[in-house]
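Visitor: So the protein sequences, as listed, match chains F and B.
So the first sequence is numbered by our numbering: it starts at 1176 and just counts up by one.
So the second sequence is numbered by our numbering: it starts at 2 and just counts up by one.
Fair warning: there could be bad hints in the mix.
[To be verified] Only pairs whose alpha carbons sit at most 25 Å apart, straight line, appear in this in silico SDA-like list of lysine to any residue: (1) B:K142 - F:A1346; (2) B:K439 - F:E1285; (3) F:K1210 - B:K562; (4) B:K410 - F:A1346; (5) B:K326 - F:T1204; (6) B:K410 - F:E1285; (7) F:K1210 - B:K410; (8) B:K562 - F:Q1313; (9) B:K203 - F:T1212; (10) F:K1210 - B:E602; (11) B:K562 - F:E1285; (12) B:K326 - F:T1212; (13) B:K203 - F:A1277; (14) B:K326 - F:G1230; (15) B:K439 - F:K1210.
Source of the hints: derived by calculation from the structure; they are not laboratory data.
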Amino acid sequence: MKAAVVIFPGSNCDRDVIHALEAVSCIPTQAVWHKETSLPQDTGLVVLPGGFSYGDYLRCGAMAARSPIVPAVREHASRGGLVLGICNGFQVLTETGLLPGALLANISLEFICSNCLLKVERTDTPFTSAFKKGQIVQFPIAHHEGLFFLPENELEELEANGQVVFRYASADGSAGQQYSPNGALNGIAGIVNKGGNVLGLMPHPERASERILGSSDGLGIWNSIKEWLEGRSK
Amino acid sequence: MDHRKAGLLDSEYEIICRELGREPNEAELRIFGVMWSEHCSYKSSKPLLGLFPKEGPAVLKGVGENAGVVDAGDGWGLAFKVESHNHPSAVEPYQGAATGVGGIIRDILAMGARPMASLDGLFFGNPDSRKTIFLSNGIVKGVGGYGNCVGVPTVGGKTFYDARYEDNPLLNAFCMGLVNAESIVSSQTAEPGNLVVLLGSKTGRDGIGGAAFASVELGEDTKASRPQVQIGDPFVEKLLIEACLEALENCLVTSMQDMGAAGITSSASEIAAKSGVGMILDLDKVPLREADMSAWEIALSESQERMLLIVLPEKLELVLSLGEKWDLDCAVIGKTVEGDRFILEKGGSVAVDLPASLIGGGCPEIRWPAITPANLANRQTFELENEILPSDLAESLLKLIGSPSLREKTWITRQYDSMVQVNTIQGPGAPLSLVRIKENGNIAAITMEALPWACQLDPFRGGYETMARSLRPLWVAGARHLGMTNCLNFPSPENPEQFWEFSEAVKGLAECCVDLGCPVVSGNVSLYNESAGLSILPTPLVCSVGLISSGESPLLPGNWKEGDILYLVGMDNAAIPASHFQVTCMGMLKGLPVPPSPEMERDFKERAILTAGKNVADSAIPILGGGLGIALCKEAISSGLGAEIQLGTPTLPAVSLFGEGGARALYAVPSVKAFEFLRIWKGFPVRQVGNVRGESLRLPGSTPLPIETLLKAWRGV
């Protein structure tokens, strides 16, 4: 099975994700323009890349969540297909309702680009099977709206369901809100839906997929996905 | 309308009337006013710019296009240019800076290149003044806001503070893009019978006369100039980039031009004049943001995010559908014809009828008188023996590393996306930026340098040293330089002493370029950076680009290893004049910066490149602002290791540690490789200045400085 990377107007990490999938991880990948209404045959993974869809002039991701391609993505997810939203893509997923919560402006009210340490909380998802549980990985963030928010009771439910996959952390392995560069509640950097087949995260694994760029920890995500896709192809 | 009100000199107006054989109408007069302004015509600087060497084996496209292009190997070219957006940033910092970034990105796009890296040069006044805080916050947010959204990483830059930028902050925006050498776009390839297509944003009243506004001193009431500042829309710019690159990929356009200063007039007349064709444009076809715009307003509007495409009639349909795909306005506004007429029609009648070549090329040069400044001798008087130097080296070092221009700039750089496009090997905060080229595995190396204090004391030496200092980090990292671009920021040329400084600085830059074989491939001049009697320091800014071949690893700073031997290569007689030490720790700016030494530079270059290639050092840093002391500090901080330093030469310790200028670098070499290192540098001044050891920086005769202390001082906490 192959990967499909949706390009919204204003996406700017689409080429980066395609590079990480195709050139670095050898996963067959196809770009899909947001005005399409169906996904390519044999799509196993849909990626909603980072960027500034529609300039983020309205609430981030709100416009893209209403793109012609979105019903097909929704259907793909409902059939158990994988959906990965990175940064702006995560924002789009929350706007479509495929993932709970909202991404609010960083607590500093400033754009933040920096490397971050994350703790891998779950390794039983198709996106994280190549990691070790509790592993500390380094992915960069680059966003203005990355404060993950949910009302208290829903947040508790999210935690109780074990939907938190990545949490901002320190090098010694402790994780939580105090390590959130953006004020994200409970230090949440990435979550999955209840089915575990839709992942959204603010940090950019595609920017940490080659040693020359400073970290290759992101390969864990692509390798996990590759294994899942290959398993499905058999 | 009076021609003087349009900004034209009497002599210029006479030429226009003579060439036309009549008086220009109002629209034509306004066009000349803008196109013959300093900003568009370079009339004051042209004779000086002729000094720059423009040829070189790596130059694929030189001065005269939107940006220069150098050979990046394997059929790829790097297009790059730096441009100022000073006046707009002084008036409306966020939008002024944002549109500065947007404008330079379109210059790169106009070459057919995909923009891949930006740098920003920021010059601010007193760091604690409310004005500077307001301007610097706005400018930084503007650079980030635009660059982050458009998806071009900001990978480096320069930030410099001096009270003389208080009312006139500078924003110099650099952009570099990658282009297939076969498909470089030229503005000289239009032919009669082509269609003229406008792609991108609608045209509004924003930025009308912006170029003319940039060509005079700022008035006291800068708020009144707000309507002349354009508003940026990075989202549309992103669409424009993708649409234009898709059009080029499919060979849909014959020529292309970005719309910057003077809008449609400048971009269209430039293509016409350079291609040797005429052009007839129907301004009624231009998609407008507001009704009732007059012909000259449409013609001179500087609305952002627009490109002018020259298209063969049979390709039009595909171009229009591309506009539809990217949700961009796309309109045929005219055609190219035989001859030299540049005709603008509105409401069925001819509003403007001028020779295309006269608009862009007719403005006569001005040779302003130059006089050596009366206070120059005083500026240059400095006797080291007569000065009482601060004696506590550690205290001076802490003061320096916490000074506005040298301290940590994370508050700026973390607001910039420096990593998008996944090419950034070395981002902001280092002596140079490194961006890999996925297409061929080579690494592009970029520096940005300016030395306003040195230029103030001796503009020739300052200019020379600026240029040399922009190249040294490339060599130390193992890169060979390919070319440079520059932005010449100066006050009014009409003041003879200021014009002398301008001339001398350009001569210094040019001589260094000739001496070191570095072609100038593009550039920009920004004059009249003064207001209410306060002029900026002479600020020629240089960006140099070099290349490291695939398979070779760059030699970077920040990688000290316990036990490494520290070697200083280069002379030990750097200058206190114009150094950060002199300004920050001695509270003065006087004397003479180091004189040029071309043989030494060339020698340094070959040895430095060899050192990087032979992999004999763990870490290397060129000696830049703040001298050896700051180089040691930065290495210690980023390596997390201390060092024991011995100076032990007849030179005064403060001069050894804090003097600036000349080809110098600090290497950390593992002892097993010391022999090989010294063999490379045999015959060049080299001496051991210490060893990497422990967790403190120990300067002779001073209290040890733990890394933690250095870090705190650097971060200002």
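Visitor: All the hints need checking, so say for each whether the structure fits it.
Guide: Status of the hints after comparison with the structure:
1. B:K142 - F:A1346: Since the Cα atoms of K142 (chain B) and A1346 (chain F) sit roughly 30 Å apart, the hinted pair is violated (cutoff 25 Å).
2. B:K439 - F:E1285: violated, 31 Å
3. F:K1210 - B:K562: Between K1210 (chain F) and K562 (chain B) the Cα gap is close to 54 Å, so the pair fails against 25 Å, i.e. violated.
4. B:K410 - F:A1346: Given pair K410 (chain B), A1346 (chain F) holds - Cα atoms ~24 Å apart, limit 25 Å.
5. B:K326 - F:T1204: OK: K326 (chain B) and T1204 (chain F) at ~22 Å, within 25 Å.
6. B:K410 - F:E1285: Answer holds: K410 (chain B) to E1285 (chain F) is near 15 Å, not above 25 Å.
7. F:K1210 - B:K410: Answer violated: K1210 (chain F) to K410 (chain B) is near 42 Å, above 25 Å.
8. B:K562 - F:Q1313: This hinted pair holds, its Cα atoms lying about 23 Å apart.
9. B:K203 - F:T1212: violated, 29 Å
10. F:K1210 - B:E602: violated, 56 Å
11. B:K562 - F:E1285: Violated, because 36 Å separates the two Cα atoms, which is more than 25 Å.
12. B:K326 - F:T1212: holds, 15 Å
13. B:K203 - F:A1277: Outside the cut-off at roughly 34 Å; violated.
14. B:K326 - F:G1230: holds, 17 Å
15. B:K439 - F:K1210: violated, 29 Å
Going through the hint list in order, the structure does not satisfy hints 1, 2, 3, 7, 9, 10, 11, 13 and 15.
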